[in-house]
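Student: Residue strings, one per chain:
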Amino acid sequence: MPFACIFVPDFPVEAVLRAEPELRAQAIAVFEGKPPLQKIVSVNETARQAGVWPGMTKLQVEDGSEVLLRERSQAQEAAAHAALLDCAQSFSPRVEDAAADTVLLDLSGLEKLFGPSPAIAREISRRALEMGLETNVAVASTLEPALLAAHGFQGLSVVPGGKEAEFLGGLPVEVLFAGEVVDEEILETFRRWGVRNFRELAALPEVALSERLGQRGLELLRKARGQSLRELVPSGPPLQFEEVVELEFPVVLLEPLAFVLNYMLEQLCARLEGRALAAQELRLKLGLEDGRSSCFERTIRLPVPLLNAKTFLKLLQLDLKAHPPGAPVTKICLRIEPAKPRPAQNGLFLPASPEPEKLELTLARINGVVGEGRAGSPELLNTHRRDAFEMRRFTPAVSSGNGARPAARGRPALRKSNAFHSSYKNGNLVTALRIFRPPIVVRVKHKDGKPSHISSRKRKELSCSVLWAAGPWRSSGDWWERDSWIRDEWDIAIPEGGGVALYRLVHDLVSGLWMLEGSYD
Amino acid sequence: MSSVAVHAGLSPFFSAGSPDRQSELLKQITRSERLTPVLPASRLEVRPRPEMLPTGIPELDALTGGLPRGCLTEICGTTASGKSSVLLATIASATRREESCVLIDASDSFDPASGAAAGAAFARLLWVRCGWLKNRPSAISRQSSVVGRRSSARDLPPPLEMFSGLTGSPQSGNREPGAESHDARRTTRDEFRLEQVLKTTDLILQSGGFGLVAVDLAGIPEKFVRRIPLASWFRFQRAVEHTTTALLVISEIPCAQTCAALALRIGNQLSAISHQPSGPAHAVILETLHVQAELVRSRLERKPMHSVKATFKTRMP
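Residue numbers (our numbering), protein chains in the order written: chain A, 1 to 521; chain B, 1001 to 1317.
Okay, chain A solo, but in the shape it has when bound:
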């Protein structure tokens, strides 16, 4: 049963480079602590060659060196660790989260998918690189040799079965403490004995070693000989897909912000794709530089699970244009709520409908043109009040034969009465009423109890005599509410443009106003 270990060397630096990949060729050192006692915790190879080592103070490094300094970010390290787990999970369901920088996975059964062990190791390394992490990958027939090889050798390593001791023999004894707290006392003992590598330690007698170092010594001896008693302890998949970037300088313009968002979205989509998931919701949280350390949050809920980084970027850009944060941005936290991808199987005889990705972008653009809440599907409310409806999000319903939609929250939706269906089925078309929003206030003169003349200050063409009037019909409602209503409706005909126009005239008995509510057309 083969196992693999993925190890990220210089993990704090890799977490920073994952957010700023353009710095990979430069010397980077990560520090932490409170000034003036900030110390270097991790450096990359280039910085190491420049003479910078963990443990140095920040002031020592700043003094005349060309090493770039970055403060340690727990959020970025958490995101990098989550990406590492996602990479491992995309290969095998049995993954152990050994440490922040180390992941173990069971490769049983993967030979048929990826081929022999070297091919699997290459594929793992490639996918980790796609997620922004440079890793050491080792494959062995048992767990601990894989772990030790990943920590000891750079790049890809394949430990031959049965020859673990020979393969690992040249590694320094410090590697024995990979993934554990280093026991300096035992290391000092090994140095005094002249034991510098695995081979030399493996050659020591067991009894004598146990007498001097106890069970711990025996355990180290077993590791040096390539023996493993450790079992894989699978860990559950992480529940959140989140990327965090702390910016070096506050961002004022949308374009550079979009550049960073694009990179974060690509990372998140790659992680989701590795787990065969899609995105249901995007949550953007921006840290602002406004003197109050406030946050700016936006949530974009998708109608169907999608997985397209370009679409997500466009949606975020349109949303930020419509709702700008109002202050320079110092930190970006992007979180995606996962969901199972929708199975898209269109029927052969069903009419085509808009693609969800295109539709979402189009709706976002339309909202930018006409305003939020002015594009959608209307839904009548369960009330007799005129023009009572709500605008719902437009989601073309999946064909279910009856076009049923779930009931809206709050007031229940109006159910279509059977009367409407039966009258339509008889072939009588419905006369449309065109609503005036807002209604046109008019002055009305009466004769014999009926409107005889109307006039409007704002619409001069509506100032004329009434040819014909039908009504009134009284309706009222919500008398138990504060906004109760009671009104009289008339249908009137007035001369207009050489012909006759039909209007609905309303007398609001609460306000006393006469209004033209709409025209029949």
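These aren't lab readings, by the way, just hints derived from the structure by calculation.
Please note that a few of the clues may not be correct.
Claimed, not checked - Computed cross-link-like contacts, SDA-like style, restricted to lysine to any residue with a CA-CA straight-line distance of at most 20 Å:
no.	chain 1	residue 1	chain 2	residue 2
1	B	K1199	A	L318
2	B	K1199	A	Q317
3	A	K39	A	L69
Add chain B to chain A, keeping to what the hints say.
Tutor: Coordinates of chain B only, in the frame set by chain A:
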């Protein structure tokens, strides 16, 4: 003899060539690609008739066959002519067939209650309400790239001016309507609505996937509708060409002109009233509208010698 005449006619243009040389030149000229012979009509490619979208009005479907998909259809009519009823019936028919529809409402006058009475399935209808924005984005967000500024609001640049492509005159985006006369405010509002209509129509047609896209321009004054450039209609027509989308334009005057493959004129003959002459006013009921539709132009089939009309009735909801 004709060949001799041709040779004689050509001889001034050819320098002392022998007849054989001239005939050779003539043969080369006739073989030239630039002189492709005219194809006879029988060999011309036959354009298939587009698929039709039923309007749900049997009389109208019998007149026109429905609305052609991949084409622009224009329906014109004055106030109370019945054009909005035709629009409702078409939307109801399309949505009941589970096609996604869009209604771009220039004057925000669609009545959902009438639509429900007509049998429209709102789950498949995208209603775009054009109009005056109450909470328009501030100037700083309309600038394409600014996310935030360190400086205070006083240091902000002056707001962008909104250029109206129809009037050609710049308008201040932050100008308060209350500061002008009502007529000027209404003019600005109508221009703004039309601008939204054109932008939204472009977006919808580029997105694609809709069975019916209806643009309702009724309620917009004639002078503004006339100013819509023909290039816009041509662009819309080309956008739906070779698609299954039927583009329907409702207006009070013809505006799409030759871009419309099908043009109808809707008129109201008379209103049938059921009443008792001596009865009270509330017993008088407006029952039906008698609507007459006339086929003005059709590129889909040969136009008949005389106007073809259809008459149908609509019922009050």
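Student: Determine for every hint whether it applies to the structure shown.
Tutor: A quick look at each hint next to the structure:
1. Distance restraint check for B/K1199 and A/L318: the Cα-Cα separation of roughly 16 Å lies within the 20 Å cut-off, and the hinted pair is therefore satisfied.
2. Of the pairs offered as hints, the one joining B/K1199 and A/Q317 holds, with about 19 Å between alpha carbons and a cut-off of 20 Å not exceeded.
3. With a C-alpha separation of about 11 Å, the suggested pair A/K39 and A/L69 falls inside the 20 Å cut-off, and the hint holds.
Hint compliance for this structure: every hint is met.
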